[in-house]
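The listed protein sequences derive, respectively, from chains A and B. The working numbering puts the first residue of the first sequence at 1, with every later residue one more than the last. The working numbering puts the first residue of the second sequence at 1, with every later residue one more than the last.
Accuracy of the hints is not assured; some may be wrong.
As the list claims (entries may be wrong) - Simulated pairs of lysine-lysine, DSS-like, Cα-Cα distance not exceeding 25 Å:
{"id": "1", "chain 1": "B", "residue 1": "38", "chain 2": "A", "residue 2": "53"}
{"id": "2", "chain 1": "B", "residue 1": "175", "chain 2": "A", "residue 2": "53"}
{"id": "3", "chain 1": "B", "residue 1": "38", "chain 2": "A", "residue 2": "58"}
{"id": "4", "chain 1": "B", "residue 1": "53", "chain 2": "A", "residue 2": "66"}
{"id": "5", "chain 1": "B", "residue 1": "175", "chain 2": "A", "residue 2": "66"}
{"id": "6", "chain 1": "B", "residue 1": "53", "chain 2": "A", "residue 2": "5"}
{"id": "7", "chain 1": "A", "residue 1": "85", "chain 2": "A", "residue 2": "5"}
{"id": "8", "chain 1": "A", "residue 1": "66", "chain 2": "B", "residue 2": "93"}
{"id": "9", "chain 1": "A", "residue 1": "11", "chain 2": "B", "residue 2": "175"}
{"id": "10", "chain 1": "B", "residue 1": "53", "chain 2": "B", "residue 2": "183"}
{"id": "11", "chain 1": "B", "residue 1": "93", "chain 2": "A", "residue 2": "11"}
{"id": "12", "chain 1": "B", "residue 1": "38", "chain 2": "A", "residue 2": "11"}
As the list claims (entries may be wrong) - So, partial list: chain B residues that the calculated Cβ filter (under 7 Å) puts toward chain A:
{"id": "13", "residue": "49"}
{"id": "14", "residue": "52"}
{"id": "15", "residue": "108"}
Hint data in this document are derived by calculation from the structure and do not stem from the laboratory. C-beta atoms are modelled at their ideal positions from N, C-alpha and C, and glycine is treated no differently.
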Amino acid sequence: MEELKAELKTKIIEALNLEEVTVDEIEDQAPLFGDGLGLDSIDALELTVLLDKDYGIKVTDPKIGKTIFQSIETLATYISENRTK
Amino acid sequence: MEQLYQISRHCRMDTQGVYRNGEQISVEASPDFASFSKSLYYSLGTSYPKFFKMDNLSKLAWLGAELLLKDEQTTNIAIVLSNRHSSLDTDLKHLATISDNEQYYPSPAIFVYTLPNVCIGEIAIRHNLQTENIFFVSEQFDSQLAVNYSNYLLNTKRAEKVLCGWVDYLQENYKLVLYLVEKTGILAHNLDVVRQLTR
């Protein structure tokens, strides 16, 4: 799980062009949206594409998206339980 | 009698360098636009993380606007921009994400920049401008149209100032010329001067 979290942080920084953020600065439990990394709605869509492309997970229900995109911790847990690749 | 206006500030940016009011701005030499734009961004001393999420056309426009509007007080500034290649640079990047049926993953972050006037939006957000704006696409900069349109916006009091110019980007080739039109300034706002600035 720790490896997956580190992988996710690297991928998120790269996919969302978080130029001034480092892997070490992203805390596992910190909110990804709002006060945390300050991600926006386009970032949420980009994360949805990332889940599909890299882990074979299709997020079609906005309610589920809201839950799993809360933090690196929730995202990693969901991926580890649902990934198809 | 029709009011005469002036150009208060202008800037130019291309592969030859960056100039503000005719004076070259020192920017670290870079082999590509990504490095160049990052160097110029940091040299401006502005913290605006969203800059790094923009496409190249918006980065170019944003940097040019920053050079002219960084310390501007009024927000009653209309924007009149134009270019030749529209958003083609980003359109091609979007195409690359949807060309392979096996790897069909259109990127939302790329797709949102597949319109040229999005760069106007980025400038407007940065400088809190809720004003008239328009983006023309043409082979060359239409100086007559730019002068007439700017004068119209100012004469009809639709704006106090007009940020006008050319912002074009396609595959590492880029050119930006921006100028601010208002009541007072350093150059006359007429066809000859605008042609000279944008040539």
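Original post:
For the pair supplied as a hint, residue 38 of chain B and residue 58 of chain A, is the alpha-carbon distance within the 25 Å limit?
Top reply: 34 Å, violated
**OP:** Given the hint that residue 53 of chain B pairs with residue 66 of chain A, test it: the Cα-Cα distance must not exceed 25 Å.
**Re:** Distance ~22 Å between residue 53 of chain B and residue 66 of chain A Cα, so the pair holds.
Original post:
Against chain A, with CB atoms and a cut of 7 Å, does the hint on residue 108 of chain B hold up?
Top reply: OK, holds: residue 108 of chain B within 7 Å of chain A, min 4 Å.
Original post:
Taking only the CA atoms, is the gap from residue 11 of chain A to residue 175 of chain B under or equal to 25 Å?
Top reply: 32 Å, violated
Subject >> Given hint residue 183 of chain B paired with residue 53 of chain B - CA-CA distance at most 25 Å >> reply: 35 Å, violated
Original post:
Is the Cα-Cα distance between residue 93 of chain B and residue 11 of chain A 25 Å or less?
Top reply: Since the Cα atoms of residue 93 of chain B and residue 11 of chain A sit roughly 19 Å apart, the hinted pair holds (cutoff 25 Å).
Original post:
Do the alpha carbons of residue 38 of chain B and residue 53 of chain A lie within 25 Å of each other, as the hint requires?
Top reply: At roughly 29 Å apart (the allowed maximum being 25 Å), residue 53 of chain A and residue 38 of chain B break the hint.
Original post:
For the pair supplied as a hint, residue 38 of chain B and residue 11 of chain A, is the alpha-carbon distance within the 25 Å limit?
Top reply: 21 Å, holds
Original post:
Is the Cα-Cα distance between residue 66 of chain A and residue 93 of chain B 25 Å or less?
Top reply: Violated: residue 66 of chain A and residue 93 of chain B sit about 29 Å apart, past 25 Å.
Original post:
Given the proposed pairing of residue 85 of chain A with residue 5 of chain A, does the C-alpha separation stay at or below 25 Å?
Top reply: Holds, at about 16 Å.
**OP:** Answer holds if the nearest beta-carbon of chain A is closer than 7 Å to that of residue 52 of chain B; otherwise answer violated.
**Re:** 4 Å, holds
Subject >> Agreement of residue 53 of chain B and residue 5 of chain A with the hint, judged by alpha carbon distance not exceeding 25 Å >> reply: 23 Å, holds
In summary, the numbered hints that this structure violates are 1, 2, 3, 5, 8, 9, 10.
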